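Here's the letter readout for the chains.
Number of protein chains: 4
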Amino acid sequence: MSVLLEFSMTPLDKGESVSKYISRSLNIIEKSGIPYKLNPMGTVLEGEWDEVMKVVTTCYEGMKQDCNRISCSIKIDYRKNRDKGLVSKIDSIEEKLGKKLKT
Amino acid sequence: MSVLLEFSMTPLDKGESVSKYISRSLNIIEKSGIPYKLNPMGTVLEGEWDEVMKVVTTCYEGMKQDCNRISCSIKIDYRKNRDKGLVSKIDSIEEKLGKKLKT
Amino acid sequence: MSVLLEFSMTPLDKGESVSKYISRSLNIIEKSGIPYKLNPMGTVLEGEWDEVMKVVTTCYEGMKQDCNRISCSIKIDYRKNRDKGLVSKIDSIEEKLGKKLKT
Amino acid sequence: MSVLLEFSMTPLDKGESVSKYISRSLNIIEKSGIPYKLNPMGTVLEGEWDEVMKVVTTCYEGMKQDCNRISCSIKIDYRKNRDKGLVSKIDSIEEKLGKKLKT
Chain A
1 MSVLLEFSMT PLDKGESVSK YISRSLNIIE KSGIPYKLNP MGTVLEGEWD EVMKVVTTCY
61 EGMKQDCNRI SCSIKIDYRK NRDKGLVSKI DSIEEKLGKK LKT
Chain B
1 MSVLLEFSMT PLDKGESVSK YISRSLNIIE KSGIPYKLNP MGTVLEGEWD EVMKVVTTCY
61 EGMKQDCNRI SCSIKIDYRK NRDKGLVSKI DSIEEKLGKK LKT
Chain C
1 MSVLLEFSMT PLDKGESVSK YISRSLNIIE KSGIPYKLNP MGTVLEGEWD EVMKVVTTCY
61 EGMKQDCNRI SCSIKIDYRK NRDKGLVSKI DSIEEKLGKK LKT
Chain D
1 MSVLLEFSMT PLDKGESVSK YISRSLNIIE KSGIPYKLNP MGTVLEGEWD EVMKVVTTCY
61 EGMKQDCNRI SCSIKIDYRK NRDKGLVSKI DSIEEKLGKK LKT
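Protein chains in written order, with my numbering: chain A, 1 to 103; chain B, 1 to 103; chain C, 1 to 103; chain D, 1 to 103.
Be a bit skeptical, because a hint or two may be false.
A pair holds if it fits inside one copy or across any two, identical chains being indistinguishable in the list.
As the list claims (entries may be wrong) - Straight line, CA to CA, 25 Å or less: simulated PhoX-like cross-link-like pairs of lysine-lysine:
#1 K80 with K14
#2 K99 with K14
#3 K20 with K54
#4 K54 with K64
#5 K80 with K99
#6 K84 with K102
#7 K64 with K14
#8 K31 with K84
#9 K100 with K31
Hints were generated in silico from the structure; no laboratory data involved.
Owing to the predicted nature of the structure, the values given are computational and were not obtained by experimental measurement.
With the hints as constraints, model all of the structure from the sequences given.
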């Protein structure tokens, strides 16, 4: 589980309100069973490279069915032998600061 | 408050463990008083363009003092007249799906 | 000139063809006099932090005039005392590989 | 060839000079035969989703062999039926502006 991947995927040809399409992706992510956390700017997945990439690919295939132009940003943080990065990264910062942060 | 800005800022010359430097930025963000949410891959700020950019700039100035190489990713979502995007974007997706998501 | 900043800025509410809006930004960049290089996915600026950020801000103000939703990605690479990063970074890779690459 | 993918992949545990590792990726990209363009902040690939993702994955596997922490940014622009996006996107902006830009 050494990969954290955050991504956001948006159609460019559907006007300014795109939550319908984002919801479809979140449905795919939920069904995948992969550990994830949604934030206001994207979704963070945790797993091995091939696992997290497969989820992103499935979201892309879902969106491509009725969208002619799609923009997608992906950011990956690989750390050898890391475990439970979805929680441990934030824990580590809070510990250093000695206080809880807004999450 | 029409801008949501997510950013992550990391030194490249300090080895693989960088939470000391991230903590310094979080301290700056907390002190700024700006609405924010930390996630495992970055921090999302909400405000007007100049307000959120000022916070990022202050974090950069803090990190630059003892880091020779810094990498920074910023993603901005501007939506005219949006209010409380830190919560409303997630609410809107959960409403469409009719269930709570992991955040 | 220690900052390289790549950015792309796109309206989400104008349909799939957005080169009209990108052109407006490129016009602003050209007029700023800042060193830059356009590529198929964004524009790389070189300068000090405040200089490059000012250009991005001016592009945002230009786009905001008639766009209700804007998405912007920025990636920054700061390296202390670097000079002419627009050319030196590629030179350094080509030198290591001992051959010219496609740019 | 409807996908343009720009990526940059950097080790975080190798100090501030990382061109040795970037060169390794460029070697992989060259050998893949995929159309690409290197810029000072990343490399843009053109192909179908699976083709471009495969190249990124191979670069990751190469870097993982001796790097304990890796950061990777990917930006994708899918446009249905687009052809030769590596050149056509820039051409389209230059045409709108009626002048050549710096590339």
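Of the numbered hints stated earlier in the document, which are not met by this structure?
Violated hint: only 5; rest satisfied.
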